[in-house]
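**Student:** Each chain, written out:
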Amino acid sequence: MAKRIEVSDLNIYYGNFLAVEGVNVSIEPRSITALIGPSGCGKSTFLRSINRMHEVLPGARVEGKVVMDGQDLYGSDVDPVDVRRQIGMVFQRPNPFPTMSIYDNVIAGNRLNNKRMKRAETDELVERSLRGANLWNEVKDRLDRPGSGLSGGQQQRLCIARAIAVEPDVLLMDEPCSALDPISTLAIEDLMTELKERFTIVIVTHNMQQAARVSEQTGFFNLNGVGQPGRLIEFNPTEKIFSNPDEKATEDYISGRFG
Amino acid sequence: MSTDTQAAPPAATPQEGPVRVQRKLPRYAPFGLFAGGVAVGAALSALTGFSVISTVVYGVVLGTVAVYAASRAVEGRRKATDRLVTSLVTTAFGIAMVPLVSLVWTVLDNGLARFDGQFFSNSMYRVVGEGGGAYHAVLGTLIITALATAISVPIGLMAAIYLVEYGTGRLKKAITFFVDVMTGIPSIVAGLFAFALFTLLFGNDFRAGVMGAVALSVLMIPVVVRSCEEVLKLVPNELREASYALGVPKWRTVMKVVLPTAVAGLGTGITLAVARVVGETAPLLITVGLITGTNLNPFDGRMATLPVFAYYQLTQPGVNEQAFLDRAWTAALLLIILVMALNVVARLISRFFAPTTGR
Ligand SMILES: Nc1ncnc2c1ncn2[C@@H]1O[C@H](COP(=O)(O)OP(=O)(O)OP(=O)(O)O)[C@@H](O)[C@H]1O
Ligand SMILES: [Mg+2]
Numbered sequence: 118m119a120k121r122i123e124v125s126d127l128n129i130y131y132g133n134f135l136a137v138e139g140v141n142v143s144i145e146p147r148s149i150t151a152l153i154g155p156s157g158c159g160k161s162t163f164l165r166s167i168n169r170m171h172e173v174l175p176g177a178r179v180e181g182k183v184v185m186d187g188q189d190l191y192g193s194d195v196d197p198v199d200v201r202r203q204i205g206m207v208f209q210r211p212n213p214f215p216t217m218s219i220y221d222n223v224i225a226g227n228r229l230n231n232k233r234m235k236r237a238e239t240d241e242l243v244e245r246s247l248r249g250a251n252l253w254n255e256v257k258d259r260l261d262r263p264g265s266g267l268s269g270g271q272q273q274r275l276c277i278a279r280a281i282a283v284e285p286d287v288l289l290m291d292e293p294c295s296a297l298d299p300i301s302t303l304a305i306e307d308l309m310t311e312l313k314e315r316f317t318i319v320i321v322t323h324n325m326q327q328a329a330r331v332s333e334q335t336g337f338f339n340l341n342g343v344g345q346p347g348r349l350i351e352f353n354p355t356e357k358i359f360s361n362p363d364e365k366a367t368e369d370y371i372s373g374r375f376g
Numbered sequence: 019m020s021t022d023t024q025a026a027p028p029a030a031t032p033q034e035g036p037v038r039v040q041r042k043l044p045r046y047a048p049f050g051l052f053a054g055g056v057a058v059g060a061a062l063s064a065l066t067g068f069s070v071i072s073t074v075v076y077g078v079v080l081g082t083v084a085v086y087a088a089s090r091a092v093e094g095r096r097k098a099t100d101r102l103v104t105s106l107v108t109t110a111f112g113i114a115m116v117p118l119v120s121l122v123w124t125v126l127d128n129g130l131a132r133f134d135g136q137f138f139s140n141s142m143y144r145v146v147g148e149g150g151g152a153y154h155a156v157l158g159t160l161i162i163t164a165l166a167t168a169i170s171v172p173i174g175l176m177a178a179i180y181l182v183e184y185g186t187g188r189l190k191k192a193i194t195f196f197v198d199v200m201t202g203i204p205s206i207v208a209g210l211f212a213f214a215l216f217t218l219l220f221g222n223d224f225r226a227g228v229m230g231a232v233a234l235s236v237l238m239i240p241v242v243v244r245s246c247e248e249v250l251k252l253v254p255n256e257l258r259e260a261s262y263a264l265g266v267p268k269w270r271t272v273m274k275v276v277l278p279t280a281v282a283g284l285g286t287g288i289t290l291a292v293a294r295v296v297g298e299t300a301p302l303l304i305t306v307g308l309i310t311g312t313n314l315n316p317f318d319g320r321m322a323t324l325p326v327f328a329y330y331q332l333t334q335p336g337v338n339e340q341a342f343l344d345r346a347w348t349a350a351l352l353l354i355i356l357v358m359a360l361n362v363v364a365r366l367i368s369r370f371f372a373p374t375t376g377r
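In order, the protein sequence lines correspond to chains H and F. Okay, so the first sequence: first residue is 118 according to my numbering, each after it adds one. Okay, so the second sequence: first residue is 19 according to my numbering, each after it adds one.
A few of these clues could be false.
[To be verified] Which bits of chain H does chain F cover? Going by a derived footprint, with three or more residues having C-beta under 8 Å, they are: (1) 204-210; (2) 245-258; (3) 268-281; (4) 300-311.
[Stated by the list, open to error] For lysine to any residue, the following SDA-like pairs were computed, each having C-alpha atoms within a straight-line distance of at most 25 Å: (5) F/K268 / H/T239; (6) F/K190 / F/A214; (7) F/K274 / F/T299; (8) F/K274 / H/K182; (9) H/K182 / F/L175.
Because the hints were derived from the structure by calculation, they are not lab data. Note that the structure is a prediction, hence the values are computed from the model and not measured. Ideal placement from N, C-alpha and C gives every residue a C-beta, glycine not left out.
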């Protein structure tokens, strides 16, 4: 199920503002790719353009190609809704649906799309997804309670359960641990390592150790100055990035000599 | 004024420790001072022939000054200003309550005389003096308002959804502008519009409840659009994005995420919009008119409604003038109760449908 994504010459705009310029990268299936870089360099912007979430903002547009297993996701005959069904996303801030119970949140992707399922099937899917997100034991006794009643870390794992319940091919995660304590963070990292058996995972993180711990490939984004577009400076195996990067800027950033 | 507060040393005395300890007036002091003010006010008022109004006015002014002075002497300037503003704001609130309380009192006083079973079970058919009731007008008001709601809510809600979820650029600006203009349309103009419309369509003699419903819709639609728009804007964008990211199309996201999240506010807004038009008189006066008997078919013939009923009872009394006046008051009372009930319903809706965030 996991799929390879090839990005070529991608320029990403907010209106007339070029936020990210000239990204070329190949994201391997069944692996974790980490994106690092200073704040405002366009990591989230790039991530959101992979599953065509970028264009939901008014005036936002993209030039270039994102090819998943031979198909250009920005082709004129491609429906962005289908793209998002195949490429799931977890946001920086947990955003469970406040009107739904924990149970309904997990199967929201199916419910909202009116997919008919038998009760037993949904029960099974909910348990499998929650176990997958490492949340089952904590919530199995209160599946009918509102999802917004969980702690921040639990909510984030609920959002991950919700994302994997629709069984996408690729999972994009934008700083999924930035609001979490070290224990929840570890839980989510373990989870990612399990999930990469089935999914292609791209994660944005500010936590260098996290990138080093979980990812196979790392991309370093940087920008030359305020108002300049962000660029992908270096993309290499994680070990290489953290031991012997090709670019001076990468080394400076990783070793904290930044700005 | 209490003497022990005056004996206290002026202003605050700095003390040991990081936080300055401030002398305070005892809690009952402002109330005591105001009571004193009112007592002195009564005395002053008695000098010029006692009246309640002048007593209250003198009392409030004296009380405010006394509290300010006492607080200034004991607690210092900042606290005194605080107390002064508190007094002024409370007084303003009191003044604002006077017409409301007086109105409710008068309507209750006059309206309760005929607030009986007969009022709710009889129409005015062949009634020229005592007796009779507003059965036909109550049902007329309910039917016409329900019809107006049925017309306004879909249009208004969809317009609001368009403005918040889909609209961009010129068209959105134009709609917002016209909705604003429509909010300010005088109700008589709405009535004339409906009258002209139905005259054009069905000829000069056409009268039906639906005319009134259309006129009320003209008034109600902008209110519905406005309140629904505000509520929909409050739905966090993150929820829409969460839904899109699950591969849910936009229209389903609106139907199943945005609207359910906003349902409490939407219900409240719509109920208040109903309350806004339920007592409208002018547009109904020129469109549906009035009959003495009961007509439950809003698509044929005149209908009675509560506001118009009250108006005609008052302006065209029959042989027993008091009986007609009493009925007018009771109709007014019923309208107030109706509006209050709608407000309560609005509150209940927002209480029970609000998304639960509790643990
Ligand atoms: N909605 C928006 N409209 C206009 N410009 C935006 C918008 N969102 C982001 N930008 C701009 O795009 C650039 C990249 O932003 P982005 O959010 O992708 O940064 P980031 O790398 O994710 O930063 P962080 O690490 O702080 O999350 C920034 O210059 C930002 O100001
Ligand atoms: Mg970001």
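**Student:** If a hint holds in the structure, say so; if it doesn't, say that too.
**Tutor:** Hint check results:
{"no.": "1", "hint": "204-210", "result": "holds (count 4)"}
{"no.": "2", "hint": "245-258", "result": "violated (count 0)"}
{"no.": "3", "hint": "268-281", "result": "holds (count 3)"}
{"no.": "4", "hint": "300-311", "result": "violated (count 0)"}
{"no.": "5", "hint": "F/K268 / H/T239", "result": "holds (24 Å)"}
{"no.": "6", "hint": "F/K190 / F/A214", "result": "violated (29 Å)"}
{"no.": "7", "hint": "F/K274 / F/T299", "result": "violated (38 Å)"}
{"no.": "8", "hint": "F/K274 / H/K182", "result": "violated (32 Å)"}
{"no.": "9", "hint": "H/K182 / F/L175", "result": "violated (39 Å)"}
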